[in-house]
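Protein chains: 2
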Amino acid sequence: MHSNKNLPRRDFLSAGVSAACVASVAQAGYFSGVPSRDASKKLGVALVGLGSLSTNQIAPALQKTANCRLSAIVTGTPDKEKKWADKYGINSGSIYNYENFDKIASDENVDIVYIVLPNSMHHEFTIRAAKAGKHVLCEKPMANSSKECREMIAACEAANKQLAIGYRCQFTSHHLSLQTAVKGKAIGDLKMIEAGFGFRIGDPNQWRLKKALAGGGALMDVGIYALQACRFLTGNEPISIMAQETKTDAAKFAEVDESITWMMKFPSGIDAYCSTSYNFNGLNKVIAYGSNGLAKMDPAYSYSDLQLEINGKKVDLPQQDHFAAELDDFATCIRENRPSKVSGKEGLRDLLAIEAIYQSIDKRTSIDVQKA
Amino acid sequence: MHSNKNLPRRDFLSAGVSAACVASVAQAGYFSGVPSRDASKKLGVALVGLGSLSTNQIAPALQKTANCRLSAIVTGTPDKEKKWADKYGINSGSIYNYENFDKIASDENVDIVYIVLPNSMHHEFTIRAAKAGKHVLCEKPMANSSKECREMIAACEAANKQLAIGYRCQFTSHHLSLQTAVKGKAIGDLKMIEAGFGFRIGDPNQWRLKKALAGGGALMDVGIYALQACRFLTGNEPISIMAQETKTDAAKFAEVDESITWMMKFPSGIDAYCSTSYNFNGLNKVIAYGSNGLAKMDPAYSYSDLQLEINGKKVDLPQQDHFAAELDDFATCIRENRPSKVSGKEGLRDLLAIEAIYQSIDKRTSIDVQKA
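One line per chain: the protein sequences are A and B, in this order. Going by the working numbering, the letters in the first sequence line up with residues 32 to 403, in that order. Going by the working numbering, the letters in the second sequence line up with residues 32 to 403, in that order.
The hints are all genuine.
Remember, identical chains collapse to one label, so a pair may be satisfied in a single copy or spanning two.
When the alpha-carbon atoms are kept at most 30 Å apart in a straight line, the in silico DSBU-like pairs for lysine-lysine are as follows: (1) Lys216 - Lys283; (2) Lys372 - Lys345; (3) Lys216 - Lys316; (4) Lys344 - Lys278; (5) Lys216 - Lys278; (6) Lys114 - Lys72; (7) Lys241 - Lys278; (8) Lys278 - Lys214; (9) Lys214 - Lys283; (10) Lys376 - Lys242; (11) Lys113 - Lys162; (12) Lys316 - Lys345; (13) Lys278 - Lys394.
Read the hints as simulated data drawn from the structure, not as lab findings.
The whole structure should be built from the sequences, with the hints applied where relevant.
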């Protein structure tokens, strides 16, 4: 579908992005259309939770991976079992529900458990998957608290299994190129970062608006992308955070945050300011301001059609399937027995920052971010 | 130079801007090219401080006004006296320096004193001008502290003279149209505002980098535009502010702030988040996020070429001379004996917010903004 022949190498380089980056992004093959040479070597993935993200993004992405295959499903909705099994050729012995999930331990079709459940269930299912002897890929946010994150990390370490968090953006050519450009001083010295992600949420009855299931609102669900982008760009952890929250629809957002703005201090002296909302569209960007220019992505976090502009010039990069890239990277990490760059610790760090944001809102003061 | 025949009325209206606004902006005549009918009725303006802003913007703007004329100069640089007098036809009796300035009291050529001095001198010269019986137009920031602002307001009230602050943006068709569009719900209910203005400052020896002269750094000089834009758009005063500062060049910015980010809570429930810097270019915008769309100006604060976009569609408005518009409005206010919308109180309100920002930086906590 994608071809690396489309890589506009000259434009890309002239925008200050290194050849090494182009090569490293291209060779991964997520958008090169290079088929897997040996299907039997693909790692089996059990998808836990067959909601819209699994249905519309992850299951289709699995069909595009070089190193993974959808080999099992775990669902709380019996109606979905046959439909999914037929569509994706799942063995009847590899269909689970939330009660009998632990039997997956003896399923040789499954190497990786990909958890795509409401946030509050990430902790339980990560630990159960680790105890079943499976590697775990868990959607973001990693859990509802840093305490849960630490327990999930410990469980995977005890089982000697890998744990990665679904930070798909870190595998996109756009985010990688932005990071490379900033590191390579394409905009001079980085001075400030601005990032925000939000959308106007629909159905008022969905789990994302229930605190017990989601842990929080816009910040946990989409604000985390802006937070990630700042941490990814600086390569550092925020030292302190100040945040404020506003609620303009108290009924719809009775349980979770509607809109939050926050500011972060990084040890390099860089400040970042961010925003998120469940109540308006159009906020979907990261901007890096440097002493000699600026780099901007807008949209920055959509599933497709990311746009990168460096010093006023569009960087024409290939679009790719973010989930396929993320899955193939995790499979490679497992095969090579090295930790993922989006390991559980990366998820923990985001939760520590998120906890500082919520504390700052409550206490109306700057909060020092705890160390991972 | 500008003609209201260029007003693309249909596009303008379709973007959600009312006909009343178009009419009210157009009728002012700043960009309609309508000449003054009676030069003798023009109010005489004494320009105090003949630096680059006066030289490049305000003196040329005075030539375009319908209701004002440059009738006197006040300068601390003797070399400039003859040059300016020749260029603008200033009477030799209407040339002053900072020592003999008070003699302006008996100068019938002068109705308005326009103060374009370093910030720290605004207080002294506003009070001296009021005591000399002149109306005062003072550049922003109004002064170095809210205490000074209150004294300036009191001095003008005691002299029964008008005081206005040089908030030129409030007179531009772009800012007025943005405000009208937001009030008219062109983007639905306003949910959040983002605003920022900064630039990479040159000469490290200029007065803007000296605390005694400038009072502060980027925030006082250009951050104030972002603050103004938020107050102008909401029509409200911020209740509380959280702010943080970063300095990446401690030598250049030894005395004043380099970069600041801040967040404001407004009584309507709207949050605003803002930024300013003296150390990078490209930050020059205000974005209003609404429940059903967004409106954006970028650039938002330049002397010319402002750009307004509402719901993804460029609003094609005439550009105008901001200073001419501001001067003509002040002259009209004086003639009609009604207070300017950018009165001293407006300047005081900005200083109260600025003081809250600096306090929040010092105390690392949210600061309630004092009432004017």
